[in-house]
Every structure is written in C-alpha cells, then in structure tokens.
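Listed in order, the protein sequences are those of chains A and B. Under full-length UniProt numbering, the first residue of the first sequence carries the number 1, and numbering increases by one thereafter. Under full-length UniProt numbering, the first residue of the second sequence carries the number 1, and numbering increases by one thereafter.
Heads up, some of the hints might be wrong.
Below, simulated SDA-like cross-link-like pairs (lysine to any residue); rule was C-alpha separation at most 20 Å, straight line [claimed, not checked]:
1) A/Lys170 to A/Glu211
2) A/Lys284 to B/Lys83
3) A/Lys6 to B/His90
4) B/Lys108 to A/Ala78
5) B/Lys83 to A/Gly103
6) A/Lys6 to B/Ser88
7) B/Lys98 to A/Tyr110
No lab work stands behind these hints, which were simulated from the structure alone.
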Amino acid sequence: MISLSKAEKSYIQAGILGDPPHRSDGRDLHDFRTVALETGVAPLSNGSARLTIGRVLRGGGGTEVLAATKLEVEDMKAGGVDGGRIVCSVTCSPAAYPHLSSGALEDLQYDMTMIINQTLSHPSLHPSNLSIVKGQKSWLLNLDLVVLSDAGNVHDALFMAARAALWDTKVPRTRSIEYKAAAANRSAGGMEIDDASGLDTRQQPSMADFELHDFWDEGEPLEGREVWPVSVTLNLISPMHYLDASAQEEAATPLRLLLAFSFSPSGTALQGMRVLGVGELDAKTVKQGIEDGEKYAREIYTALNAKLKDEDVRRNQKASHRFARR
Amino acid sequence: MQSGFDRRRINGPEESFPPIFYDSDSDDDAPPSKKPLRNGRSSKDIRPIFLQPGLINQSNGSAYIETEKTKIACAVYGPRQSKNTAYSEHGRLNVEVKFAPFSCGRRKQPLRDAEDRSVAVAIHQALVSSVRLELLPKSTVDVFINIIEADGIEGCIASGSVAASTALADAGIDLFGLVVSCSAAVVGDEIWLDPTEEEVQSSNGTMVVSTLPALNTMTSIWQNGMLSPSQVLEGMGICDEKCKDIHSIVAQAIRDHAVQQV
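Take the sequences, apply the hints, and build the full model.
If you want it as structure tokens, here you go:
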C-alpha cells in the first residue's frame, strides 16, 4: 500500500529469500506479530470485538480493527428473506490510509467488503436461529467492520475480528404469537357466509407477531458459531511464502494468496480463496499453499478459540461480581 | 388514510415487478425428476462458446462472447496516456464492468450498481499478470466490459476474462499469453464445469480458475462456499485441463479474424 523504493523492496525480498531468512523485526517467516483481542467493546451492539495485530504496549502502531454486529427485525414483505440474512460491510478510516484519495479509499473498502461479504454471508455458513416468525419476520444481521489503522495483514485481522464479533453475538430470545379474528366477525351485517364454499380464496384473517421474554435475558449465541472461518494470507515470494506481512513487507511482495478455512467436527473446509496481486502461480505452489495454509489456519483457530472462551469467562465473571455487589 | 391520497384513480402498489415468463422451450415447469440433469450435459461438459473478435470498429480491439445465456461484449482502448495520475513506471490496466439494466432477472439500476466492481476486480486479477505493463510506462489500457445477459456471476467472470483477453490480443497489446478461465461448481460429490445460475444455487461452493495455458501457470483462483481442500484441488485440476481446450477455441477465433483482415 505504501510506496517503497526499488532498493528497499529488493532489500526486503533478499532478506526473506536468504538462508537463514531475515525480517526487519526479527520474526521467523511463519511467525505472527502479537495479536490482542477484546470482545464486548461496543455496549449497544449485539456482539463486538476489537482486534489489534502488532500493537506495542504504550507504543501504539499495528493494525487495528473494530467489529460489531447489530440485529434488526426485517419483514418478509419489505424485502426480507425467510430465515434471516447477513450483510457485512467494511469501512476504512481515512486516518488509516492518509495517502489515499477519497475515491481510492472507497474502492479499497468496497473490495474488502466484497471479500468478507462473499465469504461470510454464503448460505453454507448461515446460522439457523435468525428466524423469528417463519414466513413473516426474521433477523437481519449487520456486521460492520472498521479499519482504524493498517500496518499490514489487514485481511487476516478483518476475518479474526469478524469471527470474534459473530462469536460474541447474542440473538434475543423471542416467542411468536398469533392473533385470530373471532368467528363472529365473519358474518357481517347479518349476512350468512357459507364457510364450506370451496371457492373461498380469502386468506384466513390471522396475524403473526413476536414478543420478547419479559425477564432479563442476554439471548442465545448464533447457531454453529464454531464454523465461522479464519483466514490466513500467504505472501508469496517464489519459492518461499511468509505470514503476517508488515506494511513495508506487503509493499515488497507482489503476490498474495488469501485462504479462509473453517473447522468443524465434520472436517476442514475452504470457505474462500483469492489471489491478490500481480504474478503467476503454478499448480504445485497452490497445492503446497493450501496444505500449509490449513496448518497455519488451524493454529490461529485454536488460539482464537481459547481466547474467545477466556473472554466469555472474564465477562461473565465480571457481570456476576457486579451483580453480587448490589 | 393519508390526506394526499388520490381517490379518483386506481392506485397500484408503490413498488411493482414485471412477471417472469417461462420459455416454453426450457423445461422449468417440468417436475425435477423428469428434467434431464444439467439439460443433458455431462458433469465435465461446458456450454458451447461463440467468440468473435473485432466487433466494435472504433475501439483498438474488441470481442464478443456468448455461452448460451451469458452474452458479453468487450472493448479495449489504449494504450493511451494516463491523465490526472502521478508518474508511474508501469502501465495501468483499468477494467470496468457494466451490467445492462435488463441483463438479470431483477432490473439493474443503470448507474453504479453493486456487483459491477466485484466482477471487475475478479477480471482485473485474472488479466493483470498476463499484460506486459512494464513496456507501457505512463499509459493506461482501458478494458470496458458490457454484460448484455448474465447467467450466474461465475459464468460472467469466466467468460468476461476470456473476452477481455481476446480483445487485448486483438488490440495488439503485448501479452505473455492468452488468459482463459473456467468455472466449476461442486454439487454433492460431483464437480460440474461451467455451471448456470440455477446450478450454482444448488451447489455447496463454486470456483473460477484463470490460467495462462501457454505458460502452464495460473493468474487467479476465486473460490466461494464450503469445499474441502481436496475438492478444491480436484476442481482446479479439472478446470486447468478444460482451459487448454478453451485456449484452442480462442486461438482459432483470433487466427480466423486475422485471416479475414488481410
């Protein structure tokens, strides 16, 4: 993204291709920078997370992404889809990309939105509990991601933050209710209406709605939250690949392979794959990339799950402490 | 009732959509059991391709591609001077995709509608590695793609990049090779090549593979949906093989066109 001179680019590339490889921050080729994650950062959302990669304590810097979900009731008649739907959007803060014009920034956030949206709102990942009243009302899940600063590897950060926010999302419990018109109304003005007529095509005057439970309730998590994908970006400098590029390294690497994996008891699945940048791939590189990518993604997945469970415990304990003090 | 309501006329609903008519020749009404799977295509068959370079006279190069219900016209202008941009040592490849308002089941708004840019980005990714942009400093190559009829986004990306690459060759722009793309959908355990929109909807996942058959390399892989890594690799292999067949069609079309010009 940032511009580098040819000498700088070649210096970074030579370092990565060297034996042993060298990176400017002393990391190994397949090391990540420190990833920090906190959930529940936006109290008015249904689920939220803040994720930073490579932030130095008190020093700042690094890539920072904020993700939040918001549920909205949607009527089938007003363009809703039975079973609910998920819409993702990515916004880039102009502060994260000070050198980009507003048009270029818009294109950049549109491209990020497309990758996230095409992957996460695919029917194969759709949670089953976004329906409220079958055929009438459902939840529209808006997932909004904000890139606050970009110091490289923003795609992995976006996917991790999205996963954390979706993991954290609580869907309010609802109970559906139905109104039926009283039978007396049907013989209006003393006129007899023959109920037995087979030609009566009028709809039964029934109306469905829902109500929230009237005791305090935090809701239930999204169904199948284990399968939300994590992504891993392989930065390719033939014949090597390395992970978690910093902004300078990103500028020196022409070709990237983005892989989004989901892990479930039934097995590993690729949820999305994109080639980004200029360059050519051969089938062998892709095959090796998918094999290695799965390994890295599984490590990220395990670490992320451990942290998310930790966060659940931390927040629930805090809540119960506060409750006990009252 | 609101005060500004017009009682003298019949008021239709605020929004309306035209009815969708089913063609009598397509067997959409037939029960699914009687309908031949994939309209009689086998899993590795692609739809027949009609490719015509040199359709738009005023452009430097152009091509028209038709694969049953996907119809795409593409024009290439350039290389021409980059305006309003900083000096760049490499040329710029600019891809723009427009859907005709009547190209899909739902009408597309004529101005900047969604999807356009995502298809453009996918086609740009497929093409950019094949064009020798290092030979064109300070210049831009514009590729304009008009989708006249669409049958699934995957088909648009695949056919669009084939048409664009043909148009680039027709414009005489230096290329490393012709870019040929093939799409595939995984339905159950089977891999179906070149799926229609209907087939995509019933699939677990889809992919579009763009290759340079002349160099035996890939320029882009675009995959969506839930597929196991082995399915992806298998699909990539099948698409790669099919791309070699399509490559000969594209090369033949360009050769025929060149002969006509002489």
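Evaluation of the provided hints:
1. Note on A/Lys170 and A/Glu211: the hinted pairing holds, with a Cα-Cα distance of about 16 Å set against a maximum of 20 Å.
2. Pair hint A/Lys284 plus B/Lys83 does not hold up; C-alpha atoms about 40 Å apart against a cutoff of 20 Å.
3. Distance hint between A/Lys6 and B/His90 is fulfilled; the C-alpha atoms sit about 13 Å from each other, no more than 20 Å.
4. About 19 Å separates the Cα atoms of B/Lys108 and A/Ala78, which keeps this hinted pair within 20 Å; it holds.
5. For the hint pairing B/Lys83 with A/Gly103, the CA-to-CA distance comes to about 16 Å; that is within 20 Å, so the pair holds.
6. For the hint linking A/Lys6 to B/Ser88, the alpha-carbon distance of about 13 Å falls within 20 Å, and the restraint holds.
7. Simply put, B/Lys98 and A/Tyr110 have alpha-carbon atoms about 16 Å apart, close enough for the 20 Å limit, and the pair holds.
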